[in-house]
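Visitor: Below are the chains, spelled out letter by letter.
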Amino acid sequence: MQQRLARGEAAALGELYDRFASLVHSLAHRVLGDEDAADRVTREVFGYIWENPDAYDPKQGSLRSWVATLTQRQAVHRLRQNEAVLARDDGAAPAEVERKIQDASTAARADYIVTSMPAPLRDALELAYIHRRDYCQTAADLGVTADEARRRLRLGLQLLSTAHHQKLPPGGPGEGNGGPW
Amino acid sequence: MNSPEEWEGYGCEDAYPPRHDGPGEPPGTGAAPGPPAARPRIPSPRAAAEDHGPLPDGPPPERAAPKPGPTRPAPAEGPPPGAPAAPGDAAHPGDGRPELPHRVLTSLLGAWALAACSAEETAAVEAHLTDCAFCADEALRLRDAVGLLHPADNLDLDPLLRSRVLEGCLGRRPARIPVPEWAAPYDAETAKLDALLRDMGDAEWRAPVRLRWFDGERPVHRETTAAGVLGHLLAVDGLVAASLGLPDPLGDAAPAGTAGPGDRTRALWRTLGEAPRTPALHRPWREQSHALIRTASFTGGGVSDLAVPYGPVRLPLRDAFLDRAFGCWLHAGDIADAVAYPHKGPAAGHLHSLVDLAARLLPRALARRRQAGLAGPPRELVAAGSPGRTLHLEIEGDGGGHWYIALDSPAAVGSPERTVAHLALDGEEFCQLAAGHIVPDEAAAGSDGEREAVRDVLYATASLSRL
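As they're listed, the protein sequences go chains A and B.
If you count the first sequence from 1, position 70 lands on 69 in numbering that gives the first Met the number 0, and the numbers rise without skipping.
If you count the second sequence from 1, position 450 lands on 449 in numbering that gives the first Met the number 0, and the numbers rise without skipping.
Don't take every hint at face value.
Which stretches of chain A does chain B cover? Using the computed rule of at least three CB atoms under 8 Å from a CB of chain B, they are [stated by the list, open to error]:
(1) 1-10
(2) 64-73
(3) 87-93
(4) 126-135
(5) 154-162
Rather than coming from a laboratory, the hints here were simulated on the basis of the structure.
Every residue, glycine too, gets a C-beta built ideally from N, C-alpha and C.
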């Protein structure tokens with residue numbers, strides 16, 4: 000895919016979009032909470048990848064995780080800009096703004112973790128959380144032992160909890176430029 | 000009702016009865032006593048999965064009365080034999096009751112954080128958390144992690160966003176290998192159908208669909224499923240794939256000779272059963288459509304005139320791609336209707352290309368109807384390439400325009416000066432007619448001039464349809 004993008008193959012760009020647009024748009028929407036802003040970040044992310052296909056280093060991880068990182072970074076960058084404007088107008092405390100940005104990027108990381116975790120863990124979490132099944136019912140629905148259902152629920156949440164511990168992507172004040180753009 | 004003073008045995012009973020252990024439980028799991036007096040150090044894990052927004056800005060969700068929505072079913076049986084004593088019976092480690100092993104308590108932390116274990120287990124975990132800092136730390140982390148879960152947003156990506164994003168990209172860096180203009184409608188329509196298919200649940204692939212077309216004299220139909228419709232698209236797109244040297248998706252099942260769309264579809268259905276019921280064809284269909292677009296891009300304009308056999312007729316590759324875009328759009332509409340999803344029509348420029356294809360096919364369709372005795376003889380014969388009697392076809396709306404259809408022979412040229420009849424239709428109506436979804440006599444069309452010419456063109460348009 001990277002080679003095809005580098006060659007300037009428009010069909011590869013279409014395939015890239017088909018693979019990742021819903022991921023990019025939903026992460027951007029999670030951070031920015033606004034359809035138009037998410038559309039804009041989607042355009043920016045794909046525009047960046049198309050213009051810089053060599054920026055992806057397969058040694059650093061999957062294309063998917065790179066796309067997700069770019070998206071979070073750009074969405075947080077846009078949120079920071081929006082918040083800076085709002086803060087100037089309403090005089091919001093910088094700490095308050097920073098907390099909001101931190102929360103938004105944690106939520107986006109969490110979404111990415113959920114979509115990326117092994118399907119058995121995601122399915123167990125969905126049954127317990129969305130469908131309010133207890134772990135015995137979850138086990139029955141999934142056709143696994145109660146032991147295994149407990150293990151999946153715990154492991155899924157352990158993975159999810161790492162969203163809280165990762166650092167904010169670079170791009171904030173004092174961290175140099177406003178992201179890769 | 001949720002004040003700590005009223006805390007009793009984790010209090011699930013207001014929303015749903017206490018859960019009990021299933022038959023496969025390790026011994027002793029259900030024997031933990033409920034400690035109403037032992038207030039947990041860590042409060043209630045979470046509320047229902049209502050849509051309170053993902054960001055933990057607001058107050059942490061309270062345990063609340065049952066909300067509308069899914070509720071846990073009540074266990075059919077009463078308290079299991081040997082259940083712990085009634086609420087109010089304090090339980091402490093060392094009071095003689097069997098404690099759950101540490102391993103089991105730890106394994107319950109995820110279920111506890113999700114409020115997905117029984118009241119007894121909840122109480123046992125919470126009693127344990129007051130004593131075990133290690134578990135208490137994990138319990139807090141997992142409970143916070145639950146706050147990051149949220150119901151799926153069901154945000155449908157705007158199907159028009161794709162073309163805006165791609166255009167933006169190509170404006171920043173032009174493609175060295177562009178998608179040919181004649182393949183663009185196919186690219187757009189397959190992407191829209193793909194997005195629809197991705198949103199479909201397993202059961203929706205079984206949704207019944209009635210495929211309808213016009214056999215030249217009357218409307219006909221055939222029952223299949225949403226999955227069967229996709230099989231039809233896969234089989235017919237395979238005609239184009241084979242012309243470009245790509246593998247035939249029918250493989251050994253491909254009918255011998257120059258089988259057309261209908262024969263190929265029936266051949267595929269025979270291998271899958273008339274009404275396939277699973278999403279299994281989604282990936283092969285999408286891979287084939289991507290491969291078609293990619294191959295068309297590489298071979299570029301050089302092959303746009305390559306003849307693709309469509310059973311008895313042949314279409315140049317560029318028209319075959321338009322035909323497949325048209326088929327993809329219409330059948331995506333069939334699937335969308337069957338599963339009650341919205342599905343938007345093509346962009347104006349693409350719709351114009353599709354109408355143009357149909358308009359260009361009309362003189363041949365008129366001639367075939369004459370040969371079959373379904374239309375009257377030609378009124379006037381002119382030399383090939385000369386203007387002949389003409390119907391002025393006016394398509395209204397976005398993507399519309401004016402076409403001049405030669406009435407008496409495919410070899411004649413339609414000409415505004417030789418117009419003997421005028422037919423005006425909305426673009427969507429014209430496409431539905433060309434799909435055979437509308438009976439010619441019932442098409443909402445405005446006309447004047449020779450009535451027979453108008454009738455012949457309406458019937459010829461509907462006759463463009465097929466399985």
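Visitor: Confirm or reject each hint.
Guide: Hint check results:
no.	hint	verdict
1	1-10	holds (count 5)
2	64-73	violated (count 0)
3	87-93	violated (count 0)
4	126-135	holds (count 9)
5	154-162	holds (count 7)
Hints 2 and 3, counting from the list given before, are not met by this structure.
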